[in-house]
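All chains, full assembly: derive it from the sequences and hints.
So the protein sequences, as listed, match chains S and H. FYI, the working numbering numbers position 118 of the first sequence as 118, with every residue one higher than the one before it. One rule links them: number in the working numbering = place in the second sequence (from 1) + 1000.
Hints were generated in silico from the structure; no laboratory data involved. Being a predicted model, the structure only gives us computed values, none of them experimental. One thing to keep in mind: the hints can contain errors.
A short, non-exhaustive set of chain H residues, derived as facing chain S with CB atoms under 10 Å [as the list claims (entries may be wrong)]:
no.	residue
1	Ile1039
2	Cys1063
3	Glu1083
4	Arg1087
Beta carbons: idealized from backbone N, C-alpha and C, even for Gly.
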Amino acid sequence: MICLASPRILVIGGGPAGLSASIDLFEAGADVVLVEKEDVLGGTPKKLHYSLIAPDLKPVEEVLDPLIRQVESSAVTKKLGTVVSAIENGNGHVNVTFTSNGGKEEAVFDAVILATGFTHWDPHKKYEYGYGVYPDVIDFKDFEKMLSDDNLARPSNGKMPARIGWLLCVGSRDRQVGKFYCCRVGCAVSIKQAMEVKKKHPEIDTYIYYMDIRTYGFWEDQLYWKAMEDLNVKFIRGRIGAISKGDEGSLVAMAEDTILQRPSEVPFDMLVLTTGMEASQGTVEMAKLLGLEMEEHGFVRPLEADSLPVHTTVENVFVAGTATGPKAIPDAITEGSAAAIKAFNYVRRSRGKKATGRSMKKDARAYAE
Amino acid sequence: MPIHEKHLIEKQKIIQKDSAELEGRDVSGQWNIFIQQRILSQYHPSMADEIASTPDGRTINRCWQCGTCTSGCCMHTDFGLREFNPRYFIYLAKIGDEEELKKYKDVIWRCLACNKCVERCPKDVRVEEVIHAIDGYMRKKGWMDDTPASRWDDEYVGNVLKTGILDEIMLLRNYIRDEEMKEFNAGYMMRMGMNMLKTGRLRTGPIRHRTKGWKKVRKVAEEILEKDGYELQ
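Okay, structure coming up:
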């Protein structure tokens, strides 16, 4: 007999991907539990107080709050301030142990969606940039918070900066720190930040030090060209090799201007490090508990990176968002929905198969093809 | 101290003093040669801002330094004047490198205005106009004197403003005389003049052509030119 109970699906992580997966699963009629270790929903963008979101330059609240409200008002079981501490996965059932301040709790699910996201790379490791030594060297999540609080000031003296510089690819595309990949959003976010600065304070000079500008797709003209042409953001080709102290409390960005083929040591009031993305602690821990394979960059390996991007090497575990690699918010939201339908269909299909006794092996792949 | 690889250093970067004194001791012959550093130590964004505010220079901020303009430039390639590099001039103007830009004061005006760069630029920078604007900026700042190109422009504008119609013979006569072009190939010019006469491209004769109501139009034209920062003589 086919079991008529709703599919029981666990979504781990309440960021853009997890929120969108929860909503879609709930609307499809699944029994959804959303677990989030923080006390608020919205994931990293909300936790770190991002400012405007590219490319439409809408505030993060406008982008994510509708999703959060939808989840909050729905019958999705929300477990905030809770972590998954143990998982037993076998026989098509996932036994999950939740741990929170209130103690331990167990539940059984048919499938899991992993949406545990990323973390910003820690720029302390690039000692030559003096992050943590010079107060005016900040990273782009600090700057994002500054912008969203509308509190643009030099951390060293609280004054308005006259010149701000950005260093792209700090902790991305760098063999020295073992990060061989591109963070995909650093260029766009830095340019967006410079645009925000220029729109509010046209008198501030903004310089972006780049090796390549990777504002792919529509970000090219919506961000890169607009910043350059309409807002007078300057682009300097060359990677800053070190930051040192200059006169009157300024910072000197030591770079080679590769267009001039000359060393450049120009003073700045503030320098923003555009740090890369790496898999979050949560992603690594959950992948271990679930027995997922990781790929060489430290993210979760999708079953097929090209054709089955939200499947994992474990058939009842699906993955969405930045747990599989750097991604922008809209992409994470899309993937959340994709993982939701894949998980939902997997459960329905496996129940049908079980009733008729057919093999489920390699089913996901066969079905997708 | 002698500099062994002098050829690697730009001549104007080497400063040699006849005598040098250090703490009261004569160190001439030992420490009297200095090399100026080539480090870029400051940006001057006001230069690009000023150029961008002129009608010719308004597209300067579009440039992303791909080099399409230079690679097709007929001055750069066909005439082999490798120092004429519009991409580079735009970059220098954008970062405001006065010292480096001044080195090209004998080069930058040599644009032939073939407009290949304008046709090809993927960002639609009006390269020919922007180079003209940089040239104009440099002359305005007194970094360079009038050039044959700028005198041609002045002659041309003045000529058109007189009657509202270009008087080619006067233009050429005045220009050749002003420039003292002794090496000018008179025979070639005569042949070209004859051909132009035959095909009706040269207006001549006792009748001075005039644009109807030119006095009124001229006033407006002068107003616009002055507003655009053009100094009328």
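A quick look at each hint next to the structure:
{"no.": "1", "hint": "Ile1039", "in the structure": "holds, 5 Å"}
{"no.": "2", "hint": "Cys1063", "in the structure": "holds, 9 Å"}
{"no.": "3", "hint": "Glu1083", "in the structure": "violated, 15 Å"}
{"no.": "4", "hint": "Arg1087", "in the structure": "holds, 9 Å"}
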